[in-house]
Amino acid sequence: MSSLKELQNLIHDKFGIDPATLDPNASMREKGLDSLALVEYLFAVEDHFGISISDDHANVDTLSELAVVVDKLKAAQAA
Amino acid sequence: MTPVDVAVTGLGVISPHGDDPRAMFAALMRGESAIQPVFPELAKPAAAAVAPFDVTRWFTKLQLAGVDRVSQLAVAAADLAMRDAAAAGTAEPQRIGVYTGCGMGGAAALDLAYRGGPRVPPLTIPAFMPNAPAAHVAMRQGVHGPVLTYSVACASSAIAIAEAAKAVQRGEVDLALAGGTEALIVPGVVLAWQAMQTLAAFEPGEAATAVKPFAADRSGFALGEGAAFMVLESSQRARDRGARTYASLAGWGMSTDATHLTKPDAPGQARALRAALQMANLAPHEVGYCNAHGTATRIGDVVEWESLASVWGDALDQLRVSSTKALHGHLLGGAGALEAIVTVLALHEHRMPPNANVGSVDPACGLNLVLESNVQAPQLNAAISNSFAFGGTNSVLLFTRP
Numbered sequence: 001m002s003s004l005k006e007l008q009n010l011i012h013d014k015f016g017i018d019p020a021t022l023d024p025n026a027s028m029r030e031k032g033l034d035s036l037a038l039v040e041y042l043f044a045v046e047d048h049f050g051i052s053i054s055d056d057h058a059n060v061d062t063l064s065e066l067a068v069v070v071d072k073l074k075a076a077q078a079a
Numbered sequence: 001m002t003p004v005d006v007a008v009t010g011l012g013v014i015s016p017h018g019d020d021p022r023a024m025f026a027a028l029m030r031g032e033s034a035i036q037p038v039f040p041e042l043a044k045p046a047a048a049a050v051a052p053f054d055v056t057r058w059f060t061k062l063q064l065a066g067v068d069r070v071s072q073l074a075v076a077a078a079d080l081a082m083r084d085a086a087a088a089g090t091a092e093p094q095r096i097g098v099y100t101g102c103g104m105g106g107a108a109a110l111d112l113a114y115r116g117g118p119r120v121p122p123l124t125i126p127a128f129m130p131n132a133p134a135a136h137v138a139m140r141q142g143v144h145g146p147v148l149t150y151s152v153a154c155a156s157s158a159i160a161i162a163e164a165a166k167a168v169q170r171g172e173v174d175l176a177l178a179g180g181t182e183a184l185i186v187p188g189v190v191l192a193w194q195a196m197q198t199l200a201a202f203e204p205g206e207a208a209t210a211v212k213p214f215a216a217d218r219s220g221f222a223l224g225e226g227a228a229f230m231v232l233e234s235s236q237r238a239r240d241r242g243a244r245t246y247a248s249l250a251g252w253g254m255s256t257d258a259t260h261l262t263k264p265d266a267p268g269q270a271r272a273l274r275a276a277l278q279m280a281n282l283a284p285h286e287v288g289y290c291n292a293h294g295t296a297t298r299i300g301d302v303v304e305w306e307s308l309a310s311v312w313g314d315a316l317d318q319l320r321v322s323s324t325k326a327l328h329g330h331l332l333g334g335a336g337a338l339e340a341i342v343t344v345l346a347l348h349e350h351r352m353p354p355n356a357n358v359g360s361v362d363p364a365c366g367l368n369l370v371l372e373s374n375v376q377a378p379q380l381n382a383a384i385s386n387s388f389a390f391g392g393t394n395s396v397l398l399f400t401r402p
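Order-wise, the sequence lines are chains G and Z.
First residue of the first sequence? That's 1 in my numbering, and the numbers climb one at a time after it.
First residue of the second sequence? That's 1 in my numbering, and the numbers climb one at a time after it.
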């Protein structure tokens, strides 16, 4: 199952950004998440899912891309 | 050449007595204490003055990423000062400077890093760094000139105001936002100050009256938090743009004891007092009010009396003195700026706030304290604010009616 919904809930809890206003395929940076806010968000995502997102994924820019990464890491963990 | 006269044209506070400078001053005039018990879980009872603050008035959740409370308070107080001065848009961005005093930096971020859990939040460093408040003020106000932080313990923000005034006088900036901020009411820091043995002892239920500057039974201070900023510009510029002028910053003095890291020194303080008087070209008897450093420590209050007595001499009794730390606590890096604003408002309103909680004055520091509340001072034309720091740096700001 895609983690997109949970990621949307997390960004809403943390930064007050309504899922309806953030297209999963839109650039989070262009939506006002600067590099510092993005670091904080990824930290919260790691905590929430109990995963570690390596620097290889530093270019992730949309929630959809992030969901793919999170799903992959969760699947790797379950395997 | 006559030096440029520096005008105070805007005031902003996020203080233990709220975010309206005039209402804060009125509460101080009534002798209302903002000091209350904090952290009941600590082994030794603790009291502090916490600033009521609605962060959502200045920040969205997204904007708060990596912004410690110490910076939040600074952004708000500086913004209020700019609004009060109606100064936004009146100067080129590169002709505005921010001069900020801060003793510790982001204490909450550090405390969370140590005590918060298994992982340290990734933005702890940018949240903690002591120059973050000034940088956030600059980003919020679009300031492109000098943005500087002065960390001189309890004198930080008084020094910042003096340095800002110099920049205005030299013509380096047209507009200066000068003040300070401190927000360290977190368990780790309170424990550290308790260990230093400088905090006031109090019985249960008596936290509000625990701090008794210059009293025979004084036992130290309570920590306070908050931010205070003033807008400084040349009097000529203020007149030209029709700005209200609260007071002139007519003189300042800075000196260093170079004797002991934490023990104050009367000759060192006296040098700062004399320098301020000399710059303002005033005799001691012409200064009617002193907002004392007055931390209510056993040694500190006596040394402050000694330094004032040595400079004022026979005129000492004409100088009315109060330490308002009894009511708003000790804001450390923010203290100089908050107390400068109290001093400016004393001049502006011709009223002097009380030195609260004194049953009997210690004869070893027998100043002419303002012991009553609501004291009117129609003749008050000049007043000083003292800030004497750990590290031995002393700062005195001297304000006059414009």
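Treat the hints as calculated values from the structure; they're not laboratory data.
A virtual CB, placed ideally from N, CA and C, is assigned to each residue, including glycine.
Be a bit skeptical, because a hint or two may be false.
Simulated crosslink set (DSSO-like; lysine-lysine; CA at most 27 Å straight-line) [to be verified]:
{"hint": "1", "chain 1": "G", "residue 1": "K74", "chain 2": "G", "residue 2": "K5"}
{"hint": "2", "chain 1": "G", "residue 1": "K31", "chain 2": "G", "residue 2": "K5"}
{"hint": "3", "chain 1": "Z", "residue 1": "K263", "chain 2": "G", "residue 2": "K14"}
{"hint": "4", "chain 1": "G", "residue 1": "K5", "chain 2": "G", "residue 2": "K72"}
{"hint": "5", "chain 1": "G", "residue 1": "K74", "chain 2": "G", "residue 2": "K14"}
{"hint": "6", "chain 1": "G", "residue 1": "K31", "chain 2": "Z", "residue 2": "K44"}
{"hint": "7", "chain 1": "Z", "residue 1": "K44", "chain 2": "G", "residue 2": "K5"}
{"hint": "8", "chain 1": "G", "residue 1": "K72", "chain 2": "G", "residue 2": "K31"}
{"hint": "9", "chain 1": "G", "residue 1": "K72", "chain 2": "G", "residue 2": "K14"}
Examples of chain G residues toward chain Z, derived with CB under 7 Å [said to hold, decoys possible]:
{"hint": "10", "residue": "L22"}
{"hint": "11", "residue": "A37"}
{"hint": "12", "residue": "F43"}
{"hint": "13", "residue": "F49"}
{"hint": "14", "residue": "G50"}
{"hint": "15", "residue": "I51"}
{"hint": "16", "residue": "D55"}
Structure-based check of each hint:
1. Distance check on the hinted pair: K74 of chain G and K5 of chain G sit about 15 Å apart at the alpha-carbon level, within 27 Å; holds.
2. Of the pairs offered as hints, the one joining K31 of chain G and K5 of chain G holds, with about 18 Å between alpha carbons and a cut-off of 27 Å not exceeded.
3. Pair hint K263 of chain Z plus K14 of chain G does not hold up; C-alpha atoms about 46 Å apart against a cutoff of 27 Å.
4. With a C-alpha separation of about 16 Å, the suggested pairing of K5 of chain G with K72 of chain G holds against the 27 Å cut-off.
5. With a C-alpha separation of about 22 Å, the suggested pair K74 of chain G and K14 of chain G falls inside the 27 Å cut-off, and the hint holds.
6. For the suggested pair K31 of chain G and K44 of chain Z, the alpha carbons sit about 48 Å apart, so the restraint of at most 27 Å is broken.
7. About 47 Å separates the Cα atoms of K44 of chain Z and K5 of chain G, which puts this hinted pair outside 27 Å; it is violated.
8. Between the alpha carbons of K72 of chain G and K31 of chain G the distance comes to roughly 25 Å, so the proposed pair stays at or under 27 Å and holds.
9. Pair hint K72 of chain G plus K14 of chain G holds up; C-alpha atoms about 23 Å apart against a cutoff of 27 Å.
10. About 11 Å separates the beta-carbon of L22 of chain G from the nearest beta-carbon of chain Z, more than 7 Å, and the hint is not met.
11. Of the supplied interface hints, the one on A37 of chain G holds, with its beta-carbon coming within about 4 Å of a beta-carbon of chain Z, less than 7 Å.
12. Evaluation of the F43 of chain G hint against chain Z yields a held restraint, the C-beta minimum of about 5 Å falling below 7 Å.
13. With a cut of 7 Å, the hint placing F49 of chain G at the interface with chain Z is violated, because the nearest CB-to-CB distance is about 14 Å.
14. The beta carbon of G50 of chain G comes no nearer than 12 Å to any beta carbon in chain Z, farther than 7 Å, and the hint placing it at the interface is violated.
15. Because the closest C-beta pair between I51 of chain G and chain Z is about 13 Å apart, greater than 7 Å, the hint is violated.
16. Taking 7 Å as the C-beta contact cut-off toward chain Z, the hint placing D55 of chain G at the interface is violated, the least distance being around 13 Å.
Hint compliance for this structure: hints 3, 6, 7, 10, 13, 14, 15, 16 are not met, and every other hint is.
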